[in-house]
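First to last, the protein sequences are chains A and B. Everything in the first sequence is counted per the working numbering, starting at 5 for the first residue and increasing by one. Everything in the second sequence is counted per the working numbering, starting at 5 for the first residue and increasing by one.
Source of the hints: derived by calculation from the structure; they are not laboratory data. Don't take every hint at face value.
Which copy? The list can't say, so a pair holds if one copy fits it or any two copies do.
Stated by the list, open to error - Straight-line Cα separation of at most 20 angstroms, SDA-like style, residue types lysine to any residue; simulated pairs: (1) 101 <-> 323; (2) 356 <-> 97; (3) 249 <-> 296; (4) 118 <-> 92; (5) 319 <-> 97; (6) 319 <-> 96; (7) 387 <-> 45; (8) 417 <-> 20; (9) 356 <-> 311; (10) 212 <-> 295; (11) 387 <-> 51; (12) 101 <-> 27.
There are 2 protein chains.
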Amino acid sequence: MPRMLIHSAGQLLTLSGGPQRGRTLGSLGMIEDGAVLIREGRIAAVGSDSELRRAHPDEEGLNAGGRVVMPGFVDAHSHPIWAGDRAAEFEQRLQGKTYLEILEGGGGILSTVKATRAASMEELLAQTRPRLQRMFNHGSTTIEAKTGYGLDFETELRLLQALLQLDSEGPWDLATTYLAAHAIPAEFEDRAGDYTDELCENWLPALKEWWAPNAVDKALPFVDVFCETGAFDLAQSRQILETAKGLGFPVKIHSDEFDNLGGTRMAIELGAVSADHLISTSTDEIAELAASDTVAVALPATPFGLAEAHNMPAKAILDADGLLAVGGDLNPGTAWCENLQLALALACRTLKLTPAQAIAATTINGAAAIQRQNEVGSIEVGKQADLLILDANDYRHLGYRFGINLVHTVIKKGTPHPVAASLHVST
Amino acid sequence: MPRMLIHSAGQLLTLSGGPQRGRTLGSLGMIEDGAVLIREGRIAAVGSDSELRRAHPDEEGLNAGGRVVMPGFVDAHSHPIWAGDRAAEFEQRLQGKTYLEILEGGGGILSTVKATRAASMEELLAQTRPRLQRMFNHGSTTIEAKTGYGLDFETELRLLQALLQLDSEGPWDLATTYLAAHAIPAEFEDRAGDYTDELCENWLPALKEWWAPNAVDKALPFVDVFCETGAFDLAQSRQILETAKGLGFPVKIHSDEFDNLGGTRMAIELGAVSADHLISTSTDEIAELAASDTVAVALPATPFGLAEAHNMPAKAILDADGLLAVGGDLNPGTAWCENLQLALALACRTLKLTPAQAIAATTINGAAAIQRQNEVGSIEVGKQADLLILDANDYRHLGYRFGINLVHTVIKKGTPHPVAASLHVST
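So here's chain A without its partners, still in its complex pose (with noise of 0.2 angstroms):
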């Protein structure tokens, strides 16, 4: 197993001391010539380079060489598992043609649900590895993934069996969401409430039946719902989030992200773990999401990929004292990146962060969105050893640049995974 002890040279930002609410958010535990001290692919010693030297003189080291050492990011939204693309569709809709049109070419997201159900195990593992690798090379060590393009009870089992698989190939790690409450699938068109009935009745139960034989040690996953105006309305959401519940599953919501239909209210009175999207939200659930622990996860790669104006009201979170993290929400409809630095630079621009606050909305505050705080997220002794080397000597780098990888080094359990070396000449 790994050991080494890693010298920063430079900023090292531990993000240390829990997930950060409000205005603490950007908190970033910096210490400056910092080194860690890894053992067993976990986190032994943080400090001073200078004491840590003297503590372990004859520890192999690796010298960052004055660039910025921070945790890996965790995303805390993404839904990397698909089939096929919808390059078409884009194109399409910068033709002029409208939303209408498109669903009845056979675009929109029912013609990803067509794809994926059509490929096997084998083409979404191909089709999906790469996206991973992706996102892991752009410093995402830790991602939540999301089932969702199935619609029906084989395909979304199938869909989360490739994750655990995935999971378990790494380097990254996978927190996995059960979201067959992602559409309305097309053999249930108009039947919203016989599709909400099955899912609750049948395929939750089945799904819980499932899960303890063929994913043995592991967490149950999240079960989440798109709460939308075409989607699942309220009442539907509700039903689904609350039979999970009722089975022992952990719970998340899309909500807001273009009507208010309520389902942020009821997300934080079931004690969902955190309500995504939030674009729409009201002043009143603001203040209910910041009084409780659900965490807020903005998307804003989503509006930016859609070229839509309007954002989470992020600032008034954070002034109302709220836990607010920032995901990348891959997905082949909106928002096909896998670089979670744009959505950083984004939520600077977007959501308006600090350098900072962004950095610790991808971290320690993306671990909290899923229930990973304790094991990811910062540089703390007895964690994960999951750092990034940073191809900057300033973390403000994170958010002023963009549009590329600014990641030099993933450390992933203790183990160096250098990215990309042939874009790093000299500095």
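Following the hints, put chain B in place on chain A, whose structure we already have.
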């Protein structure tokens, strides 16, 4: 000298037929299963794979394996040479500091000028080279590169010398631009007229004298001016461009980025090669632009970098039959982004170009904006063999996907440069 036969086994985009005006923008000249014969670093034949294989059975082959093959990007607008960074200023803006407070704290363009003046030739080369390498790795095979952070005679000349040296180092080609009229230096505060006189009476003639013995066979650089409130007014901009033109320099302008001072109309009248930014350009000027050979260069990464909502009225320019290019505008103040693919993806979202239009605007029309349309920007017999192999099988993935590097291999003057092999897992 490199020679080989490149088999696309998929989409080969030639962009043949010269610069694309108005609604012809986006003519990709696609050959399915095409091939390109390279001899002496130039394109010797283009056609169907079967024909070219028959005609050249013994030629060494490079199989793109179904990946898109297209011309290298021509980035028509960049400021890649400077010293230092402005990360602190980026953070201060997000913390609510005003423009004036930042200026008073020593920030803004003049802080970059200060750092650049203090940098040695070696430091300038060492800081600029990796930026050019990142641009190249993201597919920009020809790059327009401006001086403009010296603002005194000696430093502006040192920047030009550095760019000439970096051009000769390659693998990229640079088209140099002299932008001493980028801002008013501190020693000429409130004396923009005096600075303009100094530039016109002394620097430009001296530059003309210096060029021939020092740049040997190279065409004269462009002379550019930042015509804007707080920089050079219309009369000063005219004085600079007329002087430059009288000395034989081809001219360019930055106009209408914030305020419309009439610079675009003036630049058209003077036969400027390009007019760049054009955000507050009037309908009348758009018509005049379209009736001219001046190329409108859109720089969507700049409003993005600044989180501003205003963009070039690109569709109006196309409707009027104008010539449109899209550039990157790499610079340390508003857009530190070496990835022209992000500017292309932004052009789809903020200018509403289709992927095909955005591709033409960053290849053949980018070449037209720097007078290299006979040398690069398309895959046609006789042109330099500057090609890209994308890590995608559909050209529309440029635009649709964003935030990562979709370039698999850059071929420059016939020599393949694999990019970031570690990023390419299976597909």
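Here's how the hints hold up against the structure:
no.	hint	verdict
1	101 <-> 323	between (40 angstroms within a copy, 18 angstroms between copies)
2	356 <-> 97	between (29 angstroms within a copy, 9 angstroms between copies)
3	249 <-> 296	within (17 angstroms within a copy, 67 angstroms between copies)
4	118 <-> 92	within (15 angstroms within a copy, 48 angstroms between copies)
5	319 <-> 97	between (32 angstroms within a copy, 15 angstroms between copies)
6	319 <-> 96	between (35 angstroms within a copy, 16 angstroms between copies)
7	387 <-> 45	within (9 angstroms within a copy, 53 angstroms between copies)
8	417 <-> 20	within (18 angstroms within a copy, 50 angstroms between copies)
9	356 <-> 311	both (18 angstroms within a copy, 9 angstroms between copies)
10	212 <-> 295	neither (31 angstroms within a copy, 68 angstroms between copies)
11	387 <-> 51	within (15 angstroms within a copy, 58 angstroms between copies)
12	101 <-> 27	between (43 angstroms within a copy, 18 angstroms between copies)
When held up to the earlier numbered hints, the structure conflicts with hint 10 and nothing else.
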